[in-house]
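Peer 1: What follows is each chain in one-letter form.
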Amino acid sequence: MLSRLRPGRALSVLFATIWLLVVVVPLYFMILATFRNNNTYLTSNPWTPDNLTLSSYHQVWAAHLGSYFLNSVILTAACIALTVTLCLGAAYRIVRRQSRWVGASFSLMLFGLAIPIQAIIVPLYVMMVKLHLYDTMYALILVLTAAAVPVSVLIMVSFVRDIPRELISAMLIDGGTEWTVFRRLVWPLSRPVISTLAIYNGLNVWNNFLLPLVLTIDHATVLPLGLNNLKGQFSEDVPVMMAGVLLATLPLVILFILMRRQVMTSLGGIVAK
Amino acid sequence: MTASASTSNATGASLAAAPLRKQRGGGPARRGRGGGVADLIGVGPSLLLFCLFIVVPMIVAVVLSFVNWDGVGNPTWAGFANWTEFFKDPQAHSSLWITVKLVVFSYVVQTPISIGLGLFTAGKGRLKSIYAAIYILPLLISTVGVALMWMSFLDPLLGPLQGHQAWLSNPGDVLYALTLIIAWQFIPFHTLLYAVGRRQIPEVLYEAARIDGANPVQMFFLVTLPQLRYTIVTSGILMIVGSLTYFDIIFVMTGGGPGTSSLTLSLDMYKEVFPATDFGYSSVLAVILGVIGIAIALVMVRYSGFGKMQSQQEGVA
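Which chain is which? The protein sequence lines are A and B, in order.
Heads up: the first sequence at position 77 corresponds to 137 in this note's numbering, and the numbers run straight through without jumps.
Heads up: the second sequence at position 36 corresponds to 876 in this note's numbering, and the numbers run straight through without jumps.
Hints listed in this document are in silico derivations from the structure and should not be mistaken for laboratory results.
Since the structure is predicted, the reported quantities are computational estimates derived from the model, not experimental observations.
We treat Cβ as the ideally placed atom computed from N, Cα and C, and that holds for glycine.
You may find that some hints are simply not true.
[Stated by the list, open to error] In silico PhoX-like pairs for lysine-lysine, Cα to Cα no more than 25 Å straight-line:
no., chain 1, residue 1, chain 2, residue 2
1, A, Lys-190, B, Lys-1111
2, A, Lys-291, B, Lys-1111
3, B, Lys-928, B, Lys-941
4, B, Lys-928, B, Lys-1111
[As the list claims (entries may be wrong)] Short, incomplete list of chain B residues facing chain A, as computed with Cβ under 7 Å:
no., residue
5, Gly-875
6, Gly-876
7, Ser-1106
[Said to hold, decoys possible] Derived, one-sided and incomplete: chain A residues facing chain B with beta-carbon distance under 7 Å:
no., residue
8, Gln-158
9, Gly-172
10, Val-182
11, Phe-269
I would like the entire structure built from these sequences, with the hints used as guidance.
Peer 2: Shown next as structure tokens:
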């Protein structure tokens, strides 16, 4: 039995290893390139670790990467906090189903799942200019949070729905208000889904390029836009660009290493639900 | 006899009354006290944000598609002029065709690889979990980062693979190169979906197939694929709508070029406003993009045998 499976297994390991190389080889090239300067990048062998220097990291940090970094941290933190609190509140009320309009607004949000954000960037740009929010962090926070509402509410509703009704009833009988039920019961029980959504939305916000491109110009530059600026500034200097990419990705890689299992179930589970 | 009947009646009544009373006590009491205010506080903010920044812009896009506006002066009513322009504009037709090609290529490249890798990483074992962890890495890099990395990597003069064709500046190759780079970034996500899907297939099905004498290939086609139907639909919708509206990597790497050989619908739409400031015509393209996206999502959900799939799972349980 086992021996019959072996050729198949070997083939699948071979296939998986080929893809592993496809993933790793360009990454290895990039990491090595960051430790070169513009001269050694052109003259050294791109695959052997020699002639290493940190000068590209100094250069890219001097090119305002730090402030882009700070903006991205603020944006991501604000969006995660807003999305999680607002959408969990909404999900709780949707599950309780006390007013009819709540159900209707849930359907409206579900329809929003199908609207591609690319189709609305021009109106968003016009609106933000009219509201005097163009080129501010507020514009990015508001739109990115709004864009996260449909998925987040859907996932949270399917989670909150599984909280036993008896628990909610018991708490209300004991004199609890809707607020205490939410604060003492729904919020603590929802911790797994909160971290799932925080990871999923955080990744989307941190790496979002289109909305910062359309809604900001230079006062609220976040990392993806900053990296695109590097392309203009250092088009001839590959090591500096690669150092920028690496620094921008580092927080996510650290997060991933610290909580690998959770990140993977979050990303996979979000749609598989 | 009568007495016992009456007592049983009494207990029956009290039993029936108990859950009723419980409900009135404040269980999931419909339209109970404070419900309205709580609903407003709970649902209001996210609904407001969603309507203001997703629904309203969608409506504004439709309205803008019927006006002439350069973004500075007053918009003037254009009727269907922008729409008839779309049917005459060879650039728009070419963008639409390039978009369709990108969608088809992306689907054909990403789906089989994602299924294969998903099935591989769904299994247990140290090797597989190390592979799975490394596969995720492209997903963590921002699309701009992915674009910059591949631009440097594929640079025919300064890159590590010197001496090959300049794929990104060759109109005949650029779309294939972009398809592969986009695949590099998104296959990890779809691999995860398929891995989750595979883990949800009950092992009983494989045991039954084994007893019936099925070989691994038969098991793949008769058990795995039909059971993954739901995942195939989900991943397919995300893949198709995702590549239909795809923007980031193409914008950074080629800007739609060389010439217009990688100018997709969403890039065309962007360029009609930045820098061309033709808000009306750009909105026509935006509405078309939105409608195609919504239509594909609806059609795929409807014709994918959603219902059948669920009853299949129930049969197993």
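Peer 1: Work down the list of hints and note, for each, if the structure agrees.
Peer 2: These are the hints, each one checked on the structure:
1. Lys-190/A <-> Lys-1111/B: Holds, at about 21 Å.
2. Lys-291/A <-> Lys-1111/B: holds, 19 Å
3. Lys-928/B <-> Lys-941/B: holds, 21 Å
4. Lys-928/B <-> Lys-1111/B: holds, 18 Å
5. Gly-875: This hint holds: Gly-875/B lies near chain A, its Cβ roughly 3 Å from the closest one there, short of 7 Å.
6. Gly-876: holds, 6 Å
7. Ser-1106: Since the shortest Cβ distance to chain A is 5 Å, the answer is holds.
8. Gln-158: holds, 3 Å
9. Gly-172: holds, 5 Å
10. Val-182: holds, 5 Å
11. Phe-269: holds, 5 Å
Violation of the numbered hints given earlier is absent; every hint is satisfied by the structure.
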